[in-house]
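Construct the entire structure; sequences and hints are all you get.
Each chain, letter by letter, is given below.
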Amino acid sequence: MTKIHIFDPVLCCSTGVCGVQVDQALVTFAADVDWAIKNGAQIERMNLAQQPLAFAENATVKAFLERSGPEALPLILVAGEVALAGRYPTRTELARWAGIAKPLPPKIDVACCSDSGCC
Amino acid sequence: MQFLDRPPRFLFFTGKGGVGKTSMACATALQLATEGKSILLVSTDPASNVGQVFGVSIGHHITTIPAVPNLAALEIDPLAAAQTFRERILGPVRGVLPEPVLNAIAEQLSGACTTEIAAFDEFTALLVDSAMTADYEHIVFDTAPTGHTLRLLQLPGAWSRFLETGKGDASCLGPLAGLEKQRTEYQAVVRALTDPARTRLVLVTRAQRASLREAARTSEELFSLGLSQQYLVINGLLPSPPLPCDELAAAIHQREQAALATLPDILATLPRAHVELKPFNLVGLEALRHFFTHHPEPAPSGEVELFESGDTPNNLSDLIDQISADGPGLILLMGKGGVGKTTLAAAVAVGLARKGLSVHLTTSDPAAHLTHTLEESLAHLTVSRIDPTEEKERHRQHVMDTQGAQLDAEGRALLEEDLRSPCTEEIAVFQAFSRIIGEADKRFVVMDTAPTGHTLLLLDATGAYHREVTRQGRNTGHHVTTPMMQLQNPKQTKVLLVTWAETTPVLETANLQADLRRAGIEPWAWIVNQSIAAAHPRAHLLRQRAHNELGEIHAVSTQHARRYALVPLMKHEPVGVNSLLELINQRIEGSKRDDKEPRIEPLLQQNPKSGDPLVCSM
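Going down the list, the protein sequences come from chains A and B. According to the working numbering, the first sequence is numbered sequentially starting from 1. According to the working numbering, the second sequence is numbered sequentially starting from 1.
If you are wondering where the hints come from, they were derived from the structure by calculation, not from laboratory data. Fair warning: there could be bad hints in the mix.
Label-pair ranges, simulated between beta-carbon atoms [to be verified]: (1) B:Gln431 with A:Gln42: 33 to 41 Å; (2) A:Ala59 with B:Ala325: 53 to 61 Å; (3) A:Gln42 with B:Gln52: 54 to 62 Å; (4) A:Arg96 with B:Arg562: 54 to 62 Å; (5) B:Leu79 with A:Thr60: 32 to 40 Å; (6) A:Gln42 with B:Val96: 50 to 58 Å; (7) A:Ala72 with B:Gln154: 34 to 42 Å.
According to the in silico footprint, chain A covers these stretches of chain B (three or more CB under 8 Å from chain A) [stated by the list, open to error]: (8) 94 to 101; (9) 104 to 115; (10) 237 to 251.
Positions of the beta carbon are idealized from the N, C-alpha and C atoms, including for glycine.
Okay, here's the thing in structure tokens:
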């Protein structure tokens with residue numbers, strides 16, 4: 001089974017409780033990960049604040065951090081290769097990478113702050 | 001002192017900074033050691049002077065006290081503990097990951113939660129049976145874990161979650177990740193703490209309403225977690241009958257007695273001890289031995305000089321003049337709970353409004369009685385309120401409805417606990433805060449609350465990330481001013497730090513200042529509030545206390561503050577426009593030795609037979 005590694009930016013917690021406004025993208029993504037794992041995907045999340053060693057020990061991630069800085073995270077590796085950076089994948093993308101059945105549309109709106117201007 | 005009777009193995013003293021926990025713990029340790037028991041005294045006070053008290057340098061290892069048989073002590077510095085903790089995570093990647101990454105991680109691990117968990121981690125070893133502590137019959141701590149820490153440690157989810165992946169993890173326990181081998185140790189610690197046969201909790205407080213409310217909250221919270229053997233100590237009481245010849249002392253005494261007469265229910269049921277205000281500093285064995293005994297008002301021994309001749313500290317109105325001269329902006333009063341931020345914010349707002357300036361005062365005062373009459377009585381002044389409980393509840397509800405909905409029962413319990421952390425409360429209040437600060441370009445906005453530097457840095461980090469996303473999405477290119485940028489700009493924002501002229505509060509305020517500086521915010525002034533020295537007391541006991549304040553005031557003026565003001569302890573709680581104006585205009589002047597009509601003179605005459613103070617002479 002293809003392994004998916006998510007390298008999160010510095011997060012208080014992967015749920016994003018600590019943001020000014022709860023980041024809907026994080027909420028949605030947490031749910032998507034949960035869904036994918038339940039459907040047999042192998043996904044691992046690493047939080048830069050808590051597992052920096054995992055970032056340092058992976059040459060791809062380390063080089064990415066040096067080039068683009070921590071603000072360019074998250075970085076998503078699929079089978080060790082860069083699959084996505086700068087945003088979280090959708091449920092459909094997760095399903096494709098993991099080789100599991102596609103989710104049923106539609107799903108929750110992922111817009112983070114389109115109305116609030118918090119961005 | 002009932003809390004000294006047949007104590008269990010562990011004694012914890014808890015209470016806010018400045019109430020006298022460390023003194024109480026020292027005196028208790030000394031007392032028990034004198035009874036022939038072998039005692040270990042553990043201090044986590046950041047201003048720990050335990051070494052100074054016993055005349056020996058202690059530090060981070062168990063040190064026997066030569067002057068006291070059976071007594072050993074240990075000092076734990078919570079900030080150093082947090083530093084060690086951060087290093088455990090950062091050390092392996094230092095020099096490997098780029099500098100900005102390391103800084104971002106370090107900031108994440110610089111919050112109050114990390115410090116608390118780190119300090120707790122330091123003393124867990126003392127609570128489980130180990131060779132290190134086997135020789136001690138009692139261990140006396142000048143601190144106690146908070147309810148938040150204990151609840152986290154008790155939640156099974158907190159432990160399993162951050163070991164599993166992809167599910168979510170506890171923010172406050174984050175730094176413990178990878179230390180799962182200690183889980184059984186933590187469980188043993190929680191068992192020891194909640195066993196009344198092993199642990200006694202002593203709540204230390206002052207006889208002030210706010211202080212008692214806080215103690216009641218702590219008591220209730222820890223009770224619900226199983227720390228059922230609780231005692232209450234009211235420290236620093238003025239003796240009864242009231243000191244003669246001193247209106248200030250009489251008024252404080254009356255206020256204290258009224259507070260004691262209306263103790264919160266949960267405190268009223270606890271075994272209680274009263275400890276009187278001491279005229280001396282608790283340094284040295286002699287002073288400590290007399291800690292629990294009654295002291296009659298000491299005979300005045302000569303004049304107590306409060307301020308040097310010609311030394312006239314700023315008062316609040318001096319600061320207000322400078323604030324008004326700089327034009328509209330944001331005025332933030334910051335400091336630990338209970339130091340009087342709300343009162344001072346109200347005073348600053350009233351002072352500015354009296355000059356005919358447009359002012360918006362926002363307080364988070366839970367009682368609201370301090371400010372609710374101000375608006376009607378003064379033109380140019382608008383008053384609004386941020387209710388932290390309401391904001392927190394709104395935030396909690398929103399989080400639980402969104403991501404909480406996706407979680408199982410264990411995950412929800414953990415999320416609930418994360419939402420009870422002090423950081424989360426600050427963030428919830430920050431939302432309300434951000435709504436109001438935008439007004440500060442047109443008028444003066446005075447607030448008694450503000451986020452810490454740590455919170456700002458964290459929020460800014462997230463904000464920066466969000467902005468990046470926006471920029472990638474649609475390249476509008478318009479300039480964004482974040483609250484952080486507004487707070488960093490001295491033209492827009494003045495931070496006034498509020499403290500008391502006592503060791504621990506001054507140190508805590510200095511730490512707060514360091515935290516703000518880390519976020520690029522330079523506090524504009526300090527306010528030393530409720531100063532006895534500035535109140536020109538007459539009773540000798542108060543004059544001695546006043547004298548003890550001078551060292552702290554000096555430290556504030558020379559080491560910490562760019563400018564500062566001194567505000568006296570008032571006879572009555574300053575409520576309403578008139579008493580706030582009185583507070584602003586208190587002028588504190590130095591007494592002159594060669595003054596023909598000295599302001600401060602010995603006012604007590606002694607009964608020649610008993611030595612008791614009898615008559616007031618004017």
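Quiz item: Should the hint that Gln431 (chain B) and Gln42 (chain A) are 33 to 41 Å apart at their CB atoms be regarded as holding?
Solution: holds, 38 Å
Quiz item: Regarding Arg96 (chain A) and Arg562 (chain B), is the given constraint of 54 to 62 Å on their beta-carbon distance met?
Solution: holds, 59 Å
Quiz item: Between Gln42 (chain A) and Gln52 (chain B), does the C-beta distance stay in 54 to 62 Å?
Solution: The hint (54 to 62 Å, Cβ to Cβ) holds, given that Gln42 (chain A) and Gln52 (chain B) are roughly 58 Å apart.
Self-check item: Range hint 32 to 40 Å (beta carbons of Leu79 (chain B) and Thr60 (chain A)) holds or violated
Solution: Between Leu79 (chain B) and Thr60 (chain A), where Cβ atoms are some 36 Å apart, the hint holds.
Quiz item: Do Gln42 (chain A) and Val96 (chain B) keep their Cβ atoms within the hinted range of 50 to 58 Å?
Solution: The hinted range 50 to 58 Å is violated for Gln42 (chain A) and Val96 (chain B), with Cβ atoms some 26 Å apart.
Exercise. Just tell me: holds or violated, for the beta carbon distance of Ala72 (chain A) and Gln154 (chain B) against 34 to 42 Å?
Key: holds, 38 Å
Quiz item: Honestly, do Ala59 (chain A) and Ala325 (chain B) meet the 53 to 61 Å range at C-beta?
Solution: holds, 58 Å
Quiz item: Are there three or more residues in the region 94 to 101 of chain B whose C-beta lies closer than 8 Å to some C-beta of chain A?
Solution: holds (count 5)
Self-check item: Per-stretch coverage check for the region 237 to 251 of chain B, three Cβ contacts closer than 8 Å to chain A
Solution: Three-residue rule not met by the region 237 to 251 of chain B, so violated; n is 0.
Quiz item: For the region 104 to 115 of chain B, do three or more residues have a beta carbon lying closer than 8 Å to a beta carbon of chain A?
Solution: holds (count 5)
Taken one by one, the earlier hints fail for this structure at numbers 6 and 10, listed in ascending order.
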